[in-house]
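Asks: In order, the protein sequences belong to chains A and B. Quick note: the first sequence uses this note's numbering, first residue 6, plus one each step. Quick note: the second sequence uses this note's numbering, first residue 5, plus one each step.
Since the hints were derived computationally from the structure, they do not count as laboratory data. Each hint should be verified, as a subset may be incorrect.
[Stated by the list, open to error] Below, simulated DSS-like cross-link-like pairs (lysine-lysine); rule was C-alpha separation at most 30 Å, straight line:
no., chain 1, residue 1, chain 2, residue 2
1, B, Lys-93, A, Lys-79
2, B, Lys-64, A, Lys-131
3, A, Lys-10, A, Lys-84
4, A, Lys-350, A, Lys-285
5, A, Lys-79, B, Lys-141
6, B, Lys-64, A, Lys-322
7, B, Lys-64, A, Lys-285
[Unchecked claim] Per the computed footprint, the stretches of chain B lying under chain A, defined by three or more beta-carbons under 8 Å from a beta-carbon of chain A, are:
no., region
8, 10 to 19
9, 40 to 51
[To be verified] Pair ranges (Cβ atoms, derived):
no., chain 1, residue 1, chain 2, residue 2, range
10, A, Lys-10, B, Glu-136, 22 to 32 Å
11, B, Pro-47, A, Gly-39, 29 to 39 Å
12, B, Gln-18, A, Glu-15, 21 to 31 Å
13, A, Tyr-349, B, Glu-136, 49 to 59 Å
14, B, Gly-28, A, Ala-68, 16 to 26 Å
15, B, Gln-18, A, Glu-73, 47 to 57 Å
16, B, Glu-42, A, Lys-10, 39 to 49 Å
17, B, Tyr-133, A, Ser-7, 21 to 31 Å
18, B, Asp-70, A, Ile-181, 50 to 60 Å
19, A, Pro-218, B, Pro-47, 51 to 61 Å
All C-beta atoms, glycine included, are put in the ideal place defined by N, C-alpha and C.
Here's the letter readout for the chains.
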Amino acid sequence: MSAAKLKMIETELDHIERSAEECDHPGGAVALSGILPRSLREWDSRIQFFDHITSELISVSRATQTDEVLSTTKALHSKARKAEHMLNVVLNDLAMPPRETDASIRYVVEDEELLSNTLVQQALVKLALRGPHQIRRLAWFNICRRFPQPLPLAEAGSGHERWGGDELRSLRDELIGKRSSLGPRGTMLEASEASDGYAAKIPELLAVMASSPPEDRNEAAVTLGEIGGEDVAIFLADALQAQLERDGYDDEDYQVYLVSALSNLGGPKAIEGLLQATEKGSERVRLAALSSLEFLATAGSIALTEAPEPAVIENAKMRDAYINLTERLTRLISSGSTPPYVRYKAGELLDTLETSLEHARVPA
Amino acid sequence: MRIMFIDDDRRRMQVHVRELVDRGHEVTFEDNVDSALEMLRDPTKGVDLVVLDISMPPGKAFAFEDTVGGSRTGLTLYDTIRSLQPALKIVALTNVPDRRVAEHFANQDARLCRFVRKPEALPFQFADYVEEFLSGKNDADAT
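Next comes chain B alone, as it looks inside the complex (with noise of 0.2 Å):
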């Protein structure tokens, strides 16, 4: 499966990105917001499922005031990653620990949408949450 990760973080999330590659997907990761939007506004470039970060500078296409200084910019992100592709599956992976930022995922479709805070899932787990949310086996579970 094709999985984009969009952190700026790169470094630190090698791990993860390491882990799914050696299970066989297709792992992409922007660092940052501007080149994502692009990645996903082109129809060739098909994604399965975004790993998406909360913290991280804005970019070009939200505004500072609009992201709480970038402390937000993956709440901004993922309306409009929705609003580009309203069937891709995302998962919001955060240190943030602002219950409102989970209480915000919390009310999206979770057939679509998860939300997993990183100090809850190492890595190796991680990958198997993201390969079941792929599968669609426990969604009715989820709902």
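This is chain A alone, in the form it adopts within the complex (with noise of 0.2 Å):
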């Protein structure tokens, strides 16, 4: 008896399983939904068929306590799972509650073998450009996090393909010809606001991010500098943080193209962000997130009179913020691993806040 319940669940699963791998194609996740039963093609059905699963592979667990039965059963436990999560991610529907999918996507991306899947590939970048805030963010930090190559779109028509090199650096200059300044678009405070009808690219050019060859993910990057707000700062800042952490992998120029957007945009997201480069980068990228550090502190006085000019410090937010900064850059300066050259340069920009802090109209 429990044999035969262990065998049908396995050929359950087996069949989902050899489904994915028929649909693993750009695309295919239409194809994926046709090929399943109708119990598998929506969360309130999915649910409540791998829960009947799992019920019965405990009962069998418990009934028949040989290594035999348990070692399969613990097999098909994972299998389960494993299958519930991918169909999670790929067949995601708005009925599904934004904590079960934040769950699955957390249970996807630490499995290479979905992980290597075009559908759950696609799925990610299409999870990363549309929904709940707090889902977009977790896709697309993870998308930075282990995907160093150019991902596959998730729909066709999504507006991406037509942005090559040409095509972002002739919007960048439209996008810089209307700006009035050639200073940050945003301050230490405050990101800047979205660039007035441009919001429809941002979408487009976080998919050229994830999934273009690296000279037009450089330029997107540059390029959403000019347009985005604050929740492009969060993802170029998060896209910089997966970066950092990645092992073996250092693609320098685009760190610092992400500096380079990030000290543009401004905010506490990007100051973080810069920080952190500061703190975990190259000697190049330390040194790129530290100039743009001082290119945010001192409103860009740089672009205009080549010496950074110490910033007017009028509030007590302000304050607060140039004393967080100077703090992290005195412990950068004392750290033992922070090359000689940059512990030099965070002492310049440190002299600058400091004078700053020392004519602040604030009292302390």
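Put the two chains together into one complex; each comes in its own frame, and the hints tell you how they fit.
Replies: As structure tokens, then:
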């Protein structure tokens, strides 16, 4: 009886696995939905299906606690979880609670086999571009963290395919032409506002960052620095954070482009991203991040005068932001792992910040 | 015994919780870091053992950057719990296959900390393991 039940469960799970393999190509999610039984296509019935499998496996393993049965039920339990999470990500629909999507994304990004599946990769890109912010951010961060190579896009006609290097530079020139100053768009305290009339391009450009060759990805990052607001600052800071966390992979150029974009966007998330880069990046990236922090802390005065002018601190919030920055720079300077030239440049920036604090018009 | 689960995946962990409840243990489930820490900081709410997930949202307690985007929140949470309750027994129960996570817990005091991968233990096996850990029966073997 147990053997028959286990065999039945195994057959059902094998069918799901084979179906996913057959549809492992761009645009395969629609085909997968067509192949699978109705009970698996939608969230409500899918959880009942997998909860039933779990109950059956546990009941079989309790009834027959031989090594063979326990080993088989464990393997099938794992297989069922894998299938459930994969389907949750690939067939994600509006009925699915964000918490469940979150859990399933967290599961699939730790599984190398699932990550190698085109369906899953496309689904992650799709999730990164639409839906609740928390889910978009989680999917995006893990795309940046786990995939150094371009990913296949979720949907044709998403608009990203018209964005190559020349188009991106042309867009950026257009945006710079509309700006009144060459200083950063944002400040230390606040990220820039998203540029009017360009909001639709943001998901397209994020898709370019996830799915295009390095030169286009770099250009997309800097262009997003000209378009985006706080949301984009968060996503670019996350992309930089994912880069800094990667083992054995170091795309310095990309990191420098991200740093450059963040220096334009500004705001607390950008500042934190830049500080992380000063602490964890290569020497080149650290120096770029220090320049970017200087750019924001002095409202871009370096662009005009070639010498940073201390900013005027006029309120408590600004003062606290500057104090936080000086504390982080002090830690960086005193860290044994900081390269000497980085330490020197951090010291210069610290002097500028301390001058601002000395003349602050806000009581301490 | 009083056992607290800290895991964002409440639905799938219910089988583990039920198994321990059926054996007479008092089990609470916190599905986010912030409420878990609030409970653990409350001296009136004693706990004998914590079962801890690794990959879960960082909440307000931890920075996104310090938890690898929430992928390793459990590591930071472990350190925080240890500083709050140095003698509390903790089991890290996770799907995360990263060997560095396993190594992190292997380097802790085995009388107070264990690591179990979810695929390797069915719920009733996990319950057996927890009871053995709580009893301290095989501490000598574990060190």
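Asks: So, against the hints stated earlier in the document, which numbers end up violated here?
Replies: The structure breaks hints 9, 11, 15, 18; every other hint is satisfied.
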